[in-house]
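Using the sequences and the accompanying hints, generate a full structural model.
Chains A and B, in that order, are what the protein sequence lines are. Residues in the first sequence are numbered from -6 upward in steps of one, following my numbering. Residues in the second sequence are numbered from -6 upward in steps of one, following my numbering.
Among the hints, erroneous ones may be present.
Chain copies aren't distinguished; within one or between two, either way the pair holds.
Here are the computed lysine to any residue pairs in the SDA-like style, where the Cα-Cα straight-line distance is at most 25 Å [said to hold, decoys possible]:
#, residue 1, residue 2
1, K262, I12
2, K0, N171
3, K296, E183
4, K60, L239
5, K303, G237
6, K60, K72
7, K185, E52
8, K240, M47
9, K109, N(-4)
10, K262, V138
11, K296, L27
To be clear, the hints were calculated from the coordinates, so they are not data collected in a lab.
2 protein chains.
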Amino acid sequence: MLNSEFKVVDCTIRDGGLINKWQFSKEMVRKVFLALNASGVDYMELGYRASEKMFTPGEFGLWRFTKDEVVREIVGDTKTEMKLGVMVDIGRVEHDDIAPASESPLDFIRVATYLKDIEKAIWLANHAIEKGYEAFINIMAISSVNDYDLAEGLKQIENETKVMAVNIVDSYGSLYQNNAEHLVKLFLKELKSGICTGFHAHNNLQLGFANTVQALNTGASFCDATINGIGRGAGNCPLELLLGWLKHPKYSIEPVLQAIEDVFIPLSKDIEWGYIIPYMITGLLNEHPRVAIALRNSPEKDKCAEFFRKLTTPECTSNN
Amino acid sequence: MLNSEFKVVDCTIRDGGLINKWQFSKEMVRKVFLALNASGVDYMELGYRASEKMFTPGEFGLWRFTKDEVVREIVGDTKTEMKLGVMVDIGRVEHDDIAPASESPLDFIRVATYLKDIEKAIWLANHAIEKGYEAFINIMAISSVNDYDLAEGLKQIENETKVMAVNIVDSYGSLYQNNAEHLVKLFLKELKSGICTGFHAHNNLQLGFANTVQALNTGASFCDATINGIGRGAGNCPLELLLGWLKHPKYSIEPVLQAIEDVFIPLSKDIEWGYIIPYMITGLLNEHPRVAIALRNSPEKDKCAEFFRKLTTPECTSNN
Chain A
-6 MLNSEFKVVD CTIRDGGLIN KWQFSKEMVR KVFLALNASG VDYMELGYRA
44 SEKMFTPGEF GLWRFTKDEV VREIVGDTKT EMKLGVMVDI GRVEHDDIAP
94 ASESPLDFIR VATYLKDIEK AIWLANHAIE KGYEAFINIM AISSVNDYDL
144 AEGLKQIENE TKVMAVNIVD SYGSLYQNNA EHLVKLFLKE LKSGICTGFH
194 AHNNLQLGFA NTVQALNTGA SFCDATINGI GRGAGNCPLE LLLGWLKHPK
244 YSIEPVLQAI EDVFIPLSKD IEWGYIIPYM ITGLLNEHPR VAIALRNSPE
294 KDKCAEFFRK LTTPECTSNN
Chain B
-6 MLNSEFKVVD CTIRDGGLIN KWQFSKEMVR KVFLALNASG VDYMELGYRA
44 SEKMFTPGEF GLWRFTKDEV VREIVGDTKT EMKLGVMVDI GRVEHDDIAP
94 ASESPLDFIR VATYLKDIEK AIWLANHAIE KGYEAFINIM AISSVNDYDL
144 AEGLKQIENE TKVMAVNIVD SYGSLYQNNA EHLVKLFLKE LKSGICTGFH
194 AHNNLQLGFA NTVQALNTGA SFCDATINGI GRGAGNCPLE LLLGWLKHPK
244 YSIEPVLQAI EDVFIPLSKD IEWGYIIPYM ITGLLNEHPR VAIALRNSPE
294 KDKCAEFFRK LTTPECTSNN
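Dropping the structure here:
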């Protein structure tokens, strides 16, 4: 049953930026901000926050750093109830990169982590909480971990931090609906003290939206989406489908459709995302999309059957 | 739970032909036939069977008529266990167009019908059965009928014909997973005497594959798919996703991927199908895609927000 307290988190700029190193103009991001604000979306993730010592400004666009002063420019004098935030990667941000929340236009920080780094993620999330932010932990590559380790990690989160939610991240786009349901149930069982469960889908198997519906119907209360499903590789759960399905009157699909018409259809001529066979194949094989991304950047980009054979032919001996 | 007796029905040529009036070459259809045969697909629907009195040959390609002699050319001397068949529309085929099964390379005939024409469909299905074919009835536009009328229609089928299966056809691509589950349960309840339930999805809401999985997990035993999801408008459940999900060793995904590489990626440069916003909008609004097809053939093809406003603005008074 749908959790009546669910929240929609847009990560169009943050996840879409993985395609083009976050080379989006301020004008484009302002348009996205206005569309999301008009559509009633609850949270907007504007980009990553990262240290300029680790990424070269210029080579990487503004939304790799998402500095507070840039966020202020995007918001301008627009009134918004939408919460604004950034994602941080462990080891790619320094404490000084995060001002106290009282001095920042940001409301939330999401910590992206692999399960094996959960202690570091808790430490970084607690740092964000101490500075006054709502914090989230996103557990990436969830289809590659086993239930026992996952339950241990969730117990540790439960005991050591007070994040708003822990998000299931299907980085490889490998989950089927029954897997999504199973994981949400596992999260709900382990997170007993008020920490919510969230879901971030990828669309390799054309299940980005379906799995998000499944997660929400199973009791997840945060769900991620992006406009027109933009995102690295096969992309994400399309926001327009999610808002079309959610009947709550606070949401409106029309501003998102206008943004698709004005911004994302033109953008799709320059950068690529969506259901493309090599990404389907990595999803099916439960692998990171990087090999598919490399293929799509090569002259062999459409040789999908050959790509499948390469990935499924044992190299020399079995793994036994 | 998955019905262990499920069958995969490919309708690549028949449904794909709705985009281009079935103007596929024999060479292309032979490639598709060989790929499906190698992939272990159970049924192949090669096209429509229609009367040449009603459609002009030339303007409409070979697969609008799918004559027995053309099917024989496609099969050649290839050994196949795949069942071959055609779809017929009520009123667009004459009895003389259908030879006895013993003289035909075809094994099955699917009758497409709206629920209101169910008596005519039963009559045509019985005609096919009398001639020795496996017959199916496909109930189109299922999202626009109510449960009571549907149950009445299924009772009539149950009483008056011995078709192999009745297929749920989501013509508008409007069903969500819970709707698919509900309909399959309703069909299973009414069809008690051994008539199976099948499912034909459309992909307007990116749920073509998800709903097919849902239908099979609910107990449907026939499912339709097309290579690369080709089909009018948003297209269909992609066969490659279905075969990737089905773990039965009789199926192989690789020949389908090869066909995508060799045939469907080049074809997609000339004709359009897939997740395109105007088709998403008609699916969301539970409408026939014809208005979206008209939009896509106009200079306004990408004006999706304006299109949404037109379809959702009351023209003058309410329908009360």
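Violated constraints from the hint list, given by number and in increasing order
Checked against the structure, the hints that fail are numbers 3, 4, 7, 8, 9, 10, while the rest are satisfied.
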